[in-house]
Structure formats: C-alpha cells, structure tokens
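Student: Chains A and B supply the protein sequences, listed in that same order.
So the first sequence is numbered by my numbering: it starts at 7 and just counts up by one.
So the second sequence is numbered by my numbering: it starts at 4 and just counts up by one.
Honestly, the hints are just simulated from the structure, not real lab data.
The reader is advised that the hints may include incorrect statements.
Covered by chain A, according to a simulated footprint, are these stretches of chain B (three or more residues, beta-carbon under 8 Å) [what the hints assert, rightly or not]:
1. 85-98
2. 111-119
3. 128-134
4. 306-318
Derived lysine to any residue pairs resembling SDA-like cross-links, with alpha carbons at most 20 Å apart [said to hold, decoys possible]:
5. A:K124 <-> B:D115
6. B:K93 <-> A:S276
7. B:K93 <-> A:K124
C-beta: ideal position from N, C-alpha, C; glycine also.
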Amino acid sequence: MYVRAATWWTIFRIGLEERLVYRADFALGTLMRFLPIITQIFLWAAVFESVGSGRVAGYTYSNMVAYYLLTMMSRAFSSMPGLASGVAAQIRSGEIKKFLVQPVDLIGFMFLNRIAHKLTYYTVAFFPFALVFYLCRGFFDGWPPDVLTAQGWSSLDILLIYISTLLMGFLLGFFLEICIGLIGFWFLEVTSLLFVYMLLNFFLSGHMFPLDMLPEWAATIVDLFPLKYLAYFPAAVLLGQLDPAEIIWGLKVELCWLVTFMILSRLMYSYGVKQYSAYGG
Amino acid sequence: MAIIEIEGLAKSYRVYRKKEGLVASVRGLFRREYRTVEAVRGLDLEVEAGEFVAFLGPNGAGKTTTLKLLSGVINPTLGTARVMGHVPWKRENDYRRRFALVMGQKNQLWWDLPAQESFRLHQQIYRIPADEFQHNFDELADLLGIRDLVQQPVRELSLGERMKMELIAALLHSPEVLFLDEPTIGLDVIAQHNIQQFLKYYQEKRGITILLTSHYMKDVVALCQRVVIIAQGELKYDGSLAGIIDQFSQHKLVTLQLADDQPGRDLSRFGEVVSSDYPRVQLRISRNQVAQAISAMLEACSIDDIAVEDPPLEELIAAFFSKITMDSTSANKMDDSSGVS
C-alpha cells in the first residue's frame with residue numbers, strides 16, 4: 007500500500023511540475039476564463055432592462071449573475087481541457103505503447119495527472135476567484151436560501167453538499183472525457199466528436215443558461231443526460247433552485263452516472279487495448 | 004532453457020486500402036476494401052540468456068512487429084512466444100518489470116521536464132529500491148557521460164543525448180531482457196559510437212539478453228555475435244556475421260599500391276578491376292583464386308603495398324535483401340490478390 011501511495015505521489019508531483027513549466031500561458035489562460043462571465047453579466051443586464059419586470063423565468067438579475075458566477079465555479083472542477091483529445095492523440099501517435107509496456111495504468115495515471123493539473127489551476131486562480139466573488143458579493147444577498155433553511159439545513163450543510171457536488175462534478179467530468187478519448191481506439195480521429203460533445207456540454211450542462219428556464223419537454227431531455235451535473239447542478243444546489251428532496255435525488259442519479267462512466271472507461275480501455283493490439287501497433 | 008522461445012509466431016494486420024481519386028475516396032466512405040498485410044509469418048526462434056542478437060532485414064520485413072509482439076504491445080494472429088516463461092501479450096506486471104523496450108525516439112521521457120523526473124517516476128512504477136536506483140543511475144550516468152544533463156528539460160537536449168536518456172530510463176530497473184529498435188537512428192558518428200560502446204560494455208557486464216534491430220552495420224559488427232535476417236516476415240538466415248560473409252560473398256577485394264610508373268598496365272587478367280586510380284588499383288577476385296592471383300601479380304609487377312579484404316558488409320546485405328525480394332515477388336503477387344477481402 008505504501009509503495010502504491012509513493013507511486014501515486016510521484017505521478018502527482020510530476021504532473022504538478024509539468025504544469026508549472028508554462029507559467030505565463032497558465033496564468034493568462036486562467037485570467038481569460040473570466041472574460042466570458044463579464045459579457046454574460048452585461049448581456050443579462052440588457053435582457054432584464056428590456057423585459058422591464060424584475061424576473062425572467064423566476065430569476066432576478068442578482069440570481070442570474072450569481073448563477074453564472076457559480077457555473078464558472080462548477081466548471082473549474084468539471085471541465086477537463088485537453089483530456090479526451092490528449093488520450094486520443096496518444097492512441098493515434100502510438101505513445102499509448104508506454105502504458106502497455108510499462109507496469110502503469112493509463113486511467114489511474116491520467117487521473118492523478120489531472121488532479122495535479124486542477125490543483126495548480128486552483129492555486130493560480132484562487133485570488134482572482136476570491137476577488138471576483140468579493141466584488142460580486144451583492145448578488146448573493148438572501149443566502150442561505152429559505153427553501154433549504156426552512157427544511158432545517160444549516161449554511162454548513164448546504165456548503166458541504168455543494169462541495170460534494172463540485173467534487174463529483176470533477177469525477178464525472180473526468181470519466182466522461184476519458185471515455186470519449188478512448189473512442190480513439192476505434193476511430194482514430196475524434197476531433198469532430200469532441201466538438202459535438204463540447205456543443206452539447208455548452209447547452210445541456212447549464213453553462214449557457216440556467217436549465218430550469220427550459221420548457222417542460224426540453225427539461226425532460228436534459229434530465230436524461232449526465233451533463234447537467236457538470237455546471238447547473240452545483241450552482242442550483244447552492245442557490246436553492248432545488249428543494250432538499252430534489253437535491254438528494256440528484257445526488258443519487260449523479261452517483262449512478264459516475265459509477266456507470268467509471269465502469270465504462272475500464273471496459274473501453276480493456277477492449278480498446280485488445281482492439282489496438284489485434285490490428286494496430 | 005532458452006530465455007526467449009518463439010514458435011510459429013504470425014501477425015497479420017488489416018489495413019484500409021485507400022484508392023486514388025475523389026470518386027474512389029467517396030466510394031470508400033461506404034464500402035471499404037481491406038488488405039491483409041502479413042507482417043510476420045510463422046517465425047521460429049530461440050534465444051539463450053546472455054545473447055546479443057541483431058535483427059536485420061529491409062524496411063517492412065517484420066523486425067519491429069516482432070519486437071512489439073515480444074514486448075506485449077500487440078497480440079499475435081497465430082503462434083506462441085515465451086520470454087522468461089511469460090507470454091508477453093498477457094502484459095502481466097511481473098513480466099513488465101523484467102524487460103524493457105526502447106523504440107527509436109518515441110520517448111518514455113517527459114518532454115518538458117528534466118530527465119531526472121522521468122527516472123524518479125520509473126523508480127516508482129518499477130518499484131526499484133532507493134539504493135539500487137542510486138547505484139544503477141550512477142553507473143549509467145557515468146558510462147554515458149550525461150550526469151550534467153539530467154537537470155535540463157528533455158526538450159532542450161540533442162537527439163543523441165535524448166537517446167542516452169531513453170536508454171537510462173529503460174535500464175534503471177535492471178531488465179533481464181532488452182528490446183532495442185533502431186537505437187542509433189539519426190545520430191552522428193560520435194553519438195553512435197558512444198552508444199555502441201555503452202551497449203557492449205553493459206551487456207557483457209550484466210549478461211543481459213538483447214535483441215536489436217538496426218540498419219547500421221557498424222552497430223551489428225560491434226555488438227552482435229548472432230544475426231537473424233528477416234524478410235517478408237520470415238526467417239531467412241540465423242547464424243554468425245562471419246557466416247553471412249562466407250555464405251554470400253564469393254569474392255575478396257584486393258587493393259594494390261603499384262610501385263612502377265607504367266600506367267595502363269593491364270591487370271584485368273587477374274580479376275575484375277573495380278577502380279583504377281593509378282598507382283592505386285582495386286580488384287575483385289574470386290575467393291579460391293586470391294592466393295594464386297596475388298603471387299602472379301607480385302611476379303608480374305612491382306608492388307609497394309597490398310591489402311586483401313572482404314567486401315563491405317552493407318553491400319553483401321543489400322545484395323542479399325534484393326535477392327530475397329526478387330525471389331518472392333512472383334509468389335507475393337498471388338498472395339496479394341488473395342489477401343483482398
């Protein structure tokens with residue numbers, strides 16, 4: 007067990023160091039992530055102004071801004087830049103051989119590497135995030151939401167559940183993208199597939215707009231996808247858009263998705279390697 | 004018992020046959036034609052522990068495929084292989100900790116980090132005890148003379164330096180069997196020589212088993228006692244280097260340094276004149292007539308110096324390869340058409 011932990015630690019540490027090589031690119035990339043949110047805030051300000059009434063689909067302007075800030079937070083956990091494309095590229099270039107020849111597991115390796123990647127990101131992004139949330143604190147007036155406190159949930163309860171939705175979002179995002187990358191074993195080029203995924207992700211995760219704005223039929227479709235757990239769900243939990251029963255149900259469904267993709271990634275890897283070693287190489 | 008036992012090993016790939024032209028490309032979207040490429044067809048081979056074996060053969064002969072099979076990167080279509088008692092394509096960790104594969108420049112190293120970090124990672128994944136790791140590392144770094152470079156990001160290293168780092172990464176866990184695919188490709192003469200010297204020393208000292216593919220005859224001459232020639236996926240020769248010369252060269256090259264000042268002297272009656280750069284003349288003479296021809300020449304003209312050599316190995320091998328290719332082209336044509344599915 008100790009040996010394993012030491013291996014994990016080394017993989018993790020090397021992932022961290024690799025991330026820190028391109029400091030400037032990293033810092034710039036981190037700052038750039040804040041740009042879209044500013045345009046979103048202005049866009050919704052214009053929408054609310056033209057509508058005239060204080061609410062759009064049950065959201066006040068403050069709610070809306072708070073929602074976007076929180077999806078940004080969700081995505082800081084669940085988005086996996088370069089993961090699926092990286093795995094597919096390794097398959098295509100033959101670099102994947104390394105994981106067949108050496109006694110190391112591809113998925114585990116990628117996982118530790120990704121945690122390292124994320125932690126570096128949080129370190130760099132902590133202050134900008136803190137600053138933005140501090141400046142925007144006015145949009146969070148009325149927190150904790152009555153829906154939840156009325157049921158006896160304390161602020162701490164809500165925060166703990168929120169954090170667990172973020173962590174599960176990370177896991178779900180990771181295994182989902184690993185599965186997409188592993189499709190590379192069967193189709194060498196997955197770029198267009200990734201594009202479709204990103205498009206779906208953009209609309210169905212709640213990254214573009216709050217999912218509860220959707221009409222009934224569309225909401226049903228969205229509910230069938232796991233994508234809403236990547237952006238919408240954590241934000242909705244914290245803002246009290248869902249009642250406690252809905253939150254618990256959502257957590258259960260998310261857990262099912264997570265286990266499904268974990269198992270799927272293992273199966274895909276094992277069949278993919280067979281496929282690769284039977285035809286390619 | 005042999006450390007590597009290969010029996011009837013065969014590997015065929017299915018490759019998409021892309022036709023030329025737009026119409027054919029569009030048709031290819033709906034109906035794909037596949038062609039079966041038989042990379043290795045029924046290879047039998049045994050290698051004893053401590054042997055240093057060279058795989059020679061033209062490009063596409065199946066050398067690399069064989070190394071991939073033995074290192075478990077790919078599964079065979081037919082046949083069996085055991086390396087140290089393990090079936091490679093089961094990819095058991097027990098096996099993976101006992102061999103190493105170095106495949107050209109497709110690196111095991113982290114591009115953006117100093118090589119030292121990749122070595123640390125290998126220490127962990129191969130579970131090398133700290134003292135053994137340090138000992139191995141010191142030995143390898145000193146032999147290859149790259150101690151100062153291990154702190155430098157790999158991307159900043161030259162090709163030769165990177166290759167040395169690759170070798171270190173592959174040898175840190177003291178593999179008993181090492182597969183080397185073109186370890187000196189693209190390197191300058193000095194780096195090539197360094198790596199040869201290193202491999203020779205290391206193999207003798209540790210007594211490990213090495214299978215090497217290379218297109219540089221110098222590598223082979225310097226390193227391998229045994230040569231296996233593969234072409235069209237089949238074994239064509241298995242024996243010593245000297246054996247190749249005996250078997251395929253019927254001639255010797257005799258170089259004369261003439262002392263008298265009579266150009267235009269006709270030497271062609273002694274053998275075929277290869278080059279004549281007076282007073283230096285090179286002749287190709289049948290093996291069994293060399294002695295006779297030399298004494299005749301010594302009598303006929305005054306000679307300052309004389310050298311008798313085997314023809315360059317490259318030439319022999321090239322002639323051998325082209326002979327094999329010629330022999331089997333006719334047979335191959337039939338194979339090819341029946342391979343379309």
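Student: Next step is simple, just say for each hint if it's right about the structure.
Tutor: Structure-based check of each hint:
Counting residues of the stretch 85-98 of chain B whose C-beta lies closer than 8 Å to any C-beta of chain A gives 3; at least three are required, and the coverage claim holds. Counting residues of the stretch 111-119 of chain B whose beta carbon lies closer than 8 Å to any beta carbon of chain A gives 4, which reaches the threshold of three, so the coverage claim holds. Counting residues of the stretch 128-134 of chain B whose C-beta sits closer than 8 Å to any C-beta of chain A gives 3, which meets the bar of three, so the coverage hint holds. For the stretch 306-318 of chain B, the stated coverage by chain A is violated: 0 residues have a C-beta nearer than 8 Å to a C-beta of that chain, whereas at least 3 were required.
With a CA separation close to 18 Å, the supplied pair K124 of chain A and D115 of chain B stays within the 20 Å bound. The suggested pairing of K93 of chain B with S276 of chain A holds, with an alpha-carbon distance near 12 Å, which does not exceed 20 Å. This hinted pair does not check out: K93 of chain B and K124 of chain A have alpha carbons roughly 34 Å apart, beyond 20 Å.
When each numbered hint is compared with the structure, violations occur for hints 4, 7.
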